[in-house]
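Chemist: Residue-level listing of the chains:
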Amino acid sequence: MAELLFQREVYGKTLVELGKTHSNIVVLDADLSGSTKTRLFCKAYPDRFFNFGVAEQNMMSTAAGLASCGKVVFASTFAMFATGRAWDQVRNSVCYNNFNVKIVASHAGITVGEDGASHQAIEDISLMRSIPNLKIIVPCDGPETREAVIAAFQTPGPFYIRLGRSKIETIEGKSAFKLGKAYAVREGKDVSIFACGIMLHAAIKAHEILKKEGIYARVINVPTIRPLDKDTIISCAKQTKGVVVCEEHSVIGGLASAIDEVICENAPVKTVRVGVKNRFGQSGSPADLLKEYNLTDLDIVAAVKRVLSK
Amino acid sequence: MSQEVDIKKLEEQARKIRILIIEMLSRAGSGHPGGSLSSVEIVTALFFHTLRHKPKEPNWPDRDRFHLSKGHSCPVVYAALAERGYFDKKELSNLRQLGALLQGHPDRRTPGIEVASGSLGQGLSVALGMSLAGKMDKKDYRVYCLMGDGEIQEGNIWEAAMAVSHYKCDNLCAILDYNGFQIDGRICDVMSLEPLRDKWEAFGWNVIEVDGHKIAEVIKAFDKAKTVKGKPTIIIAKTIKGKGVSFMENVADFHGRTPNEPETKQALEDLGK
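The listed protein sequences derive, respectively, from chains A and B.
In case it helps, the working numbering puts the first sequence at residues 150 to 459.
In case it helps, the working numbering puts the second sequence at residues 124 to 396.
Quick caveat, the hints were computed from the structure, so don't treat them as lab data.
Check before you lean on any hint, since a few could be wrong.
[Stated by the list, open to error] DSBU-like mimics (lysine-lysine), calculated; alpha carbons at most 30 Å apart, straight line:
1) B:K139 <-> A:K284
2) B:K262 <-> A:K169
3) A:K192 <-> B:K322
4) B:K262 <-> A:K361
5) B:K291 <-> A:K169
6) A:K162 <-> B:K261
7) A:K192 <-> B:K212
8) B:K261 <-> B:K132
9) B:K258 <-> A:K169
10) B:K132 <-> A:K192
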């Protein structure tokens, strides 16, 4: 059994690791430091950690002010509040100024689970993707989270990194994370399955199921949603008969929309989206919710068959 | 300190800035004269007396920070920056033109602009970030944040007011340009703010009230704020919207309307040009 890690735990530890050698890192939170795990940084470097209470808008614009004075700022809260509640501050204070603010949000998607719809951000990528200057990463597991956080630290400008709530299996043997690069984790000639975050795991399972039926699906990890790896997407679209895009997000405005935009303009093939279909979430266990919202390996198998059907 | 200040000279500077505001807005054909004119003495006091800055070295690390939270009043700041030599005065005539150094609302492309603004209510938070950075870096620069009265109807301001006080940011001085008008009319009719002093005091701030058109009073308030330790200061500056131009004073319409040709002529006459 592969290693199981909380992405947010990895995030907190990576912050501590970076903080050791980089005194210009400042970390902010809005009353969720125990959940986002920025508390680990707070314990290690209390002078460089600020809690703003339940006030995400203030946190984002304060991050901008800190960045204007040369700080590299990590600002964390749940995805719902980072992207929804504070959207204007993210746009106007952070991104318009192209500041070094790294927004790392946890508890994204419906697998937040029992807390229900108000806390399940399924529009966050869509909201962030339309803002110029902002780079977006959706890591698929613990190790990729660490690599993404380090890449965001090393790359000037604003970032949005989307993390989940639950523990997640480490995908062994995949390539190292490179900002702006998508890459295949399973080869196949029939269909291209693009996925990010936890849906990469379901896509790999779908690949195994399809293989037994003689269908060979290429599975491509797309951790960077902006800047999107257009070259890889176009070549996969050309080399296979169709495309399936999987994400734990609304089918509107997220990875699927981003990939469909590239495909429509450059290499039109049939595409099917596996994502949340214009609905709010609800309470339930993560596993039950994934089934209810058609985000399982079997849903991806069905999507692949739809792509291949005439 | 104030005794050494040549108030007459600063008043003359303020008059020049008013003329530049009218000229640049008249040329641009759009923009916000009312709140620019009400802030003239505050901005003049800062840029020509109180601020520690080097106009030829806008990124000097030890500079005092000034942030215009009410971004629409940028003409007053542009005039002051130009007069201080941050950029060529000719730029004032390109205000709001495509590709111009001077955007309709502040943008970092302009030397002297620290952080963009325009979407109201975010500036006090930005100033808080600057203040915390200064404290962390053990620098003695001060942070000045100019807010509008209509602007503080934004919830974000009060989130920031809480946090600035919580973190005891005594290196931060906010200034409220209290001209009493917003786009839709009188503040007291649209959304009342009073009792304003009580509100800021309840949030843990040191409050100083001044006549925002008396430069000596404004400077004295800045000096006083420097001596207050352990809490931030807000200077509530009572002002007149459109100050200095007869037909603009206390007229909400001139919040966001520029003078036409005869109005411009009249305005410049009022200002002694």
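Chemist: Are the hints correct? Go through all of them and say.
Modeler: Tested hints:
With a C-alpha separation of about 44 Å, the suggested pairing of K139 of chain B with K284 of chain A is violated against the 30 Å cut-off. Straight-line distance between C-alpha atoms of K262 of chain B and K169 of chain A comes to about 22 Å, which keeps the hinted pair within the 30 Å bound. For the suggested pair K192 of chain A and K322 of chain B, the alpha carbons sit about 34 Å apart, so the restraint of at most 30 Å is broken. With a C-alpha separation of about 66 Å, the suggested pair K262 of chain B and K361 of chain A falls outside the 30 Å cut-off, and the hint is violated.
The straight-line distance between the Cα atoms of K291 of chain B and K169 of chain A is roughly 27 Å, inside the 30 Å bound, and the hint therefore holds. A distance of roughly 27 Å separates the Cα atoms of K162 of chain A and K261 of chain B; the hinted pair therefore holds under the 30 Å criterion. For the hint linking K192 of chain A to K212 of chain B, the alpha-carbon distance of about 51 Å lies beyond 30 Å, and the restraint is violated. Only pairs whose Cα atoms come within 30 Å are accepted, and K261 of chain B paired with K132 of chain B is rejected, the gap being roughly 35 Å.
Between the alpha carbons of K258 of chain B and K169 of chain A the distance comes to roughly 20 Å, so the proposed pair stays at or under 30 Å and holds. For the suggested pair K132 of chain B and K192 of chain A, the alpha carbons sit about 53 Å apart, so the restraint of at most 30 Å is broken.
The structure does not agree with the numbered hints 1, 3, 4, 7, 8, 10 stated previously, though it agrees with the rest.
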